[in-house]
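The lines below spell out each chain.
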Amino acid sequence: MAGKPKLYYFDGRGKMESIRWLLAAAGVEFEEKFVETKEQLEKLVKDGDLLFHQLPMVEIDGMKMVQTRAILSYIAGKYNLYGKDLKERALIDMYVEGITDLMQMVMMLPFSPAEAKAKNLASIEEKATKRYFPVFEKVLKQHGQDFLVGNRFSWADVQLLEVILAVEEKIPAVLSGFPQLQAFKTKMSNVPTIKKFLQPGSARKPPPDDNYVATVMSIFNLN
Amino acid sequence: MSGKPRLHYVNARGRMEPIRWLLAAAGVEFEEAFLETKDDLKKLQTNGDLLFQQVPMVEIDGMKMVQTRAILSYIAGKYNLYGKDLKERALIDMYVEGLADLNELITSNFFQPADKKEEHLATVMDKATTRYFPVYEKVRGHGQDFLVGNKLSRADVQLLEIILLVEESKPDILAKFPLLQSFKAKTSNIPNIKKFLQPGSQRKLPIQEKDIPRLMQIFH
Numbered sequence: 001m002a003g004k005p006k007l008y009y010f011d012g013r014g015k016m017e018s019i020r021w022l023l024a025a026a027g028v029e030f031e032e033k034f035v036e037t038k039e040q041l042e043k044l045v046k047d048g049d050l051l052f053h054q055l056p057m058v059e060i061d062g063m064k065m066v067q068t069r070a071i072l073s074y075i076a077g078k079y080n081l082y083g084k085d086l087k088e089r090a091l092i093d094m095y096v097e098g099i100t101d102l103m104q105m106v107m108m109l110p111f112s113p114a115e116a117k118a119k120n121l122a123s124i125e126e127k128a129t130k131r132y133f134p135v136f137e138k139v140l141k142q143h144g145q146d147f148l149v150g151n152r153f154s155w156a157d158v159q160l161l162e163v164i165l166a167v168e169e170k171i172p173a174v175l176s177g178f179p180q181l182q183a184f185k186t187k188m189s190n191v192p193t194i195k196k197f198l199q200p201g202s203a204r205k206p207p208p209d210d211n212y213v214a215t216v217m218s219i220f221n222l223n
Numbered sequence: 001m002s003g004k005p006r007l008h009y010v011n012a013r014g015r016m017e018p019i020r021w022l023l024a025a026a027g028v029e030f031e032e033a034f035l036e037t038k039d040d041l042k043k044l045q046t047n048g049d050l051l052f053q054q055v056p057m058v059e060i061d062g063m064k065m066v067q068t069r070a071i072l073s074y075i076a077g078k079y080n081l082y083g084k085d086l087k088e089r090a091l092i093d094m095y096v097e098g099l100a101d102l103n104e105l106i107t108s109n110f111f112q113p114a115d116k117k118e119e120h121l122a123t124v125m126d127k128a129t130t131r132y133f134p135v136y137e138k139v140r141g142h143g144q145d146f147l148v149g150n151k152l153s154r155a156d157v158q159l160l161e162i163i164l165l166v167e168e169s170k171p172d173i174l175a176k177f178p179l180l181q182s183f184k185a186k187t188s189n190i191p192n193i194k195k196f197l198q199p200g201s202q203r204k205l206p207i208q209e210k211d212i213p214r215l216m217q218i219f220h
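From first to last, the protein sequence lines are chains W and H. Sequential numbering of the first sequence, starting at 1, is according to UniProt numbering. Sequential numbering of the second sequence, starting at 1, is according to UniProt numbering.
Derived from the structure by calculation, the hints contain no laboratory data. Just so you know, these numbers come straight off a predicted model, no measurement behind them. One should not assume that every hint holds.
[What the hints assert, rightly or not] Dumping the calculated SDA-like pairs for lysine to any residue here, alpha-carbon to alpha-carbon at most 20 Å:
hint: 1; chain 1: W; residue 1: K4; chain 2: H; residue 2: L86
hint: 2; chain 1: W; residue 1: K15; chain 2: H; residue 2: G62
hint: 3; chain 1: H; residue 1: K43; chain 2: W; residue 2: V135
hint: 4; chain 1: W; residue 1: K84; chain 2: H; residue 2: G62
hint: 5; chain 1: W; residue 1: K87; chain 2: H; residue 2: G3
hint: 6; chain 1: H; residue 1: K64; chain 2: W; residue 2: L86
hint: 7; chain 1: W; residue 1: K205; chain 2: W; residue 2: K127
hint: 8; chain 1: W; residue 1: K138; chain 2: H; residue 2: M63
hint: 9; chain 1: H; residue 1: K64; chain 2: W; residue 2: E97
hint: 10; chain 1: H; residue 1: K84; chain 2: H; residue 2: Q144
hint: 11; chain 1: W; residue 1: K141; chain 2: W; residue 2: E88
hint: 12; chain 1: W; residue 1: K64; chain 2: H; residue 2: V139
hint: 13; chain 1: W; residue 1: K141; chain 2: H; residue 2: D49
hint: 14; chain 1: W; residue 1: K205; chain 2: W; residue 2: E169
hint: 15; chain 1: W; residue 1: K46; chain 2: H; residue 2: V135
hint: 16; chain 1: W; residue 1: K141; chain 2: W; residue 2: N151
hint: 17; chain 1: H; residue 1: K87; chain 2: W; residue 2: G3
hint: 18; chain 1: W; residue 1: K127; chain 2: W; residue 2: L181
hint: 19; chain 1: H; residue 1: K38; chain 2: W; residue 2: R131
hint: 20; chain 1: W; residue 1: K205; chain 2: W; residue 2: K141
hint: 21; chain 1: W; residue 1: K46; chain 2: H; residue 2: T129
hint: 22; chain 1: W; residue 1: K46; chain 2: H; residue 2: V139
hint: 23; chain 1: H; residue 1: K64; chain 2: W; residue 2: H143
hint: 24; chain 1: W; residue 1: K185; chain 2: W; residue 2: E168
hint: 25; chain 1: H; residue 1: K138; chain 2: H; residue 2: K117
hint: 26; chain 1: H; residue 1: K127; chain 2: W; residue 2: F220
hint: 27; chain 1: H; residue 1: K117; chain 2: H; residue 2: L50
hint: 28; chain 1: H; residue 1: K84; chain 2: W; residue 2: R69
hint: 29; chain 1: W; residue 1: K78; chain 2: H; residue 2: V139
hint: 30; chain 1: W; residue 1: K141; chain 2: H; residue 2: L50
hint: 31; chain 1: W; residue 1: K46; chain 2: H; residue 2: P134
hint: 32; chain 1: W; residue 1: K127; chain 2: W; residue 2: G177
[As the list claims (entries may be wrong)] What the simulated footprint calls covered on chain W by chain H, stretch by stretch (three residues with Cβ under 8 Å from a Cβ of chain H suffice, anywhere in the stretch; the number is not a length):
hint: 33; stretch: 56-67
hint: 34; stretch: 73-81
hint: 35; stretch: 84-95
Note that the Cβ used here is the ideal one computed from N, Cα and C, for glycine as well.
Using the sequences provided together with the hints, build the complete structure.
What follows is the structure, given as structure tokens:
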């Protein structure tokens, strides 16, 4: 009687989006409970549902899991998206952590003050094209396989596709120097569970807009 | 012929310290190659030794591992400090990520402007006592010596590390947390950890104000 995982977060991407991606890629249906006000967040805290008083929180397998990385690792482990042994897991972890650093920059962009936005965007472009994308371009070129690790679909592939699409939303030509990543993007987008997630009407959230920024700022008194 | 793990970082705690703690707790001897100048860092970068051009980097089992969390997970997995199954690992991960957040808060105090430092530190201590320590105090209520599965794990090592770090700023921080006090005493007496806490071990000292310009210069 396990039921579907239930995701508690705002109605927007933020830190929960990677979790939505991974569940979707694993073919796992899930429900969402959107937190819209400070009072709703405070209630969750008061009820003892949030270990460190923070979101994301995912009810899964009888646990109220918090901490994005803990949740992602659990899903990856449970659905066999974490490699076949410790060394493959080490590679996946390294790739995912690097991608997370880039993703963090993209996630914070809407919250930059207006005068810093252009600079932050330029920083994202530089890091993406000089530090992160070259690594994965090289990995794919060297082994010639479809997937980043162990010739098998893993959490790293899902996360890389997610960050490629997120950066492309801001910098459409960002993959122009990366033929392997272009092919990777096409292949991964066609994996059936991912293809489904990329269709309109899925649980995937749109790029952050002013409304999302305003909601988050108001819930956390960041005005 | 794999040899000991080799840690590449500056001669300071920084992001490498949890890795030193975990290796020590696991009883694993390791070597350190300290970056002393910007050129030392550049050399590693041009040699292609740093996957994302950054340190920490740890040479271990034929890999040049980067990304602190990846390295810690590998060491924990290899030396059986990661619980017995997926659910224990989930608990350990949650505890460890919370501690990592607290660690970030504490270390970020260093980079606050001088006139904001004291206020920031007060906020951090408040978070420690209202958000983080109560969680671990409550977990300890299960009466076992270790946080998860009645067995030493990376969560215990990391909790001890953070407790000692916070105490450096506020020695009486555990006043209202009797179970964490006994945790601290018991865990500090585990032989590998006791050894690491002795002077002369590879544990690094708190960062000094005078060291900051030199360290910043290596990374910026």
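Tested hints:
For the hint pairing K4 (chain W) with L86 (chain H), the CA-to-CA distance comes to about 18 Å; that is within 20 Å, so the pair holds. Of the pairs offered as hints, the one joining K15 (chain W) and G62 (chain H) is violated, with about 33 Å between alpha carbons and a cut-off of 20 Å exceeded. Under the criterion of a C-alpha separation no larger than 20 Å, the hint pairing K43 (chain H) with V135 (chain W) is consistent with the structure, at around 18 Å. Simply put, K84 (chain W) and G62 (chain H) have alpha-carbon atoms about 18 Å apart, close enough for the 20 Å limit, and the pair holds.
Using a Cα cut-off of 20 Å, the hinted pair K87 (chain W) and G3 (chain H) holds, with the two alpha carbons roughly 17 Å apart. For the hint linking K64 (chain H) to L86 (chain W), the alpha-carbon distance of about 15 Å falls within 20 Å, and the restraint holds. Under the criterion of a C-alpha separation no larger than 20 Å, the hint pairing K205 (chain W) with K127 (chain W) is inconsistent with the structure, at around 24 Å. A C-alpha spacing of about 17 Å is found between K138 (chain W) and M63 (chain H), which places the hinted pair at or below 20 Å, so the restraint holds.
Simply put, K64 (chain H) and E97 (chain W) have alpha-carbon atoms about 15 Å apart, close enough for the 20 Å limit, and the pair holds. Distance restraint check for K84 (chain H) and Q144 (chain H): the Cα-Cα separation of roughly 16 Å lies within the 20 Å cut-off, and the hinted pair is therefore satisfied. Between the alpha carbons of K141 (chain W) and E88 (chain W) the distance comes to roughly 18 Å, so the proposed pair stays at or under 20 Å and holds. Restraint check for K64 (chain W) and V139 (chain H): the C-alpha separation of about 15 Å stays at or below 20 Å, so the hint holds.
Among the hinted pairs, K141 (chain W) with D49 (chain H) is consistent with the structure: their alpha-carbon atoms are about 19 Å apart, no more than 20 Å. For the hint pairing K205 (chain W) with E169 (chain W), the CA-to-CA distance comes to about 13 Å; that is within 20 Å, so the pair holds. Of the pairs offered as hints, the one joining K46 (chain W) and V135 (chain H) holds, with about 14 Å between alpha carbons and a cut-off of 20 Å not exceeded. For the suggested pair K141 (chain W) and N151 (chain W), the alpha carbons sit about 13 Å apart, so the restraint of at most 20 Å is met.
With a C-alpha separation of about 17 Å, the suggested pairing of K87 (chain H) with G3 (chain W) holds against the 20 Å cut-off. Between K127 (chain W) and L181 (chain W), the direct Cα distance comes to roughly 16 Å. Compliance with the 20 Å bound is thereby established for this hinted pair. With a CA separation close to 18 Å, the supplied pair K38 (chain H) and R131 (chain W) stays within the 20 Å bound. Our distance criterion of 20 Å between C-alpha atoms is broken by K205 (chain W) and K141 (chain W), whose separation comes to about 31 Å.
Distance restraint check for K46 (chain W) and T129 (chain H): the Cα-Cα separation of roughly 17 Å lies within the 20 Å cut-off, and the hinted pair is therefore satisfied. Using a Cα cut-off of 20 Å, the hinted pair K46 (chain W) and V139 (chain H) holds, with the two alpha carbons roughly 18 Å apart. A hinted pair counts as satisfied when its Cα atoms are at most 20 Å apart, and K64 (chain H) with H143 (chain W) qualifies at roughly 18 Å. Our distance criterion of 20 Å between C-alpha atoms is met by K185 (chain W) and E168 (chain W), whose separation comes to about 11 Å.
Annotation: proposed proximity of K138 (chain H) to K117 (chain H) is violated, straight-line Cα distance about 30 Å (limit 20 Å). For the proposed pair K127 (chain H) and F220 (chain W), the alpha carbon gap of about 15 Å is at most 20 Å, so the pair holds. Our distance criterion of 20 Å between C-alpha atoms is broken by K117 (chain H) and L50 (chain H), whose separation comes to about 33 Å. Taking the CA atoms of K84 (chain H) and R69 (chain W), the gap is near 19 Å; set against the 20 Å cutoff, the hint holds.
About 25 Å separates the Cα atoms of K78 (chain W) and V139 (chain H), which puts this hinted pair outside 20 Å; it is violated. A hinted pair counts as satisfied when its Cα atoms are at most 20 Å apart, and K141 (chain W) with L50 (chain H) qualifies at roughly 19 Å. A distance of roughly 14 Å separates the Cα atoms of K46 (chain W) and P134 (chain H); the hinted pair therefore holds under the 20 Å criterion. Of the pairs offered as hints, the one joining K127 (chain W) and G177 (chain W) holds, with about 14 Å between alpha carbons and a cut-off of 20 Å not exceeded.
Figure legend: the stretch 56-67 of chain W, annotated as covered by chain H; annotation consistent (5 residues with Cβ-Cβ distances under 8 Å, at least 3 required). Given as covered by chain H, the stretch 73-81 of chain W passes the check, having 4 residues with a CB less than 8 Å from a CB of that chain where 3 are the minimum. With 6 residues having a beta carbon nearer than 8 Å to a beta carbon of chain H, the stretch 84-95 of chain W meets the requirement of three or more and the stated coverage holds.
In this structure, the earlier hints numbered 2, 7, 20, 25, 27 and 29 are contradicted, and the remaining ones agree with it.
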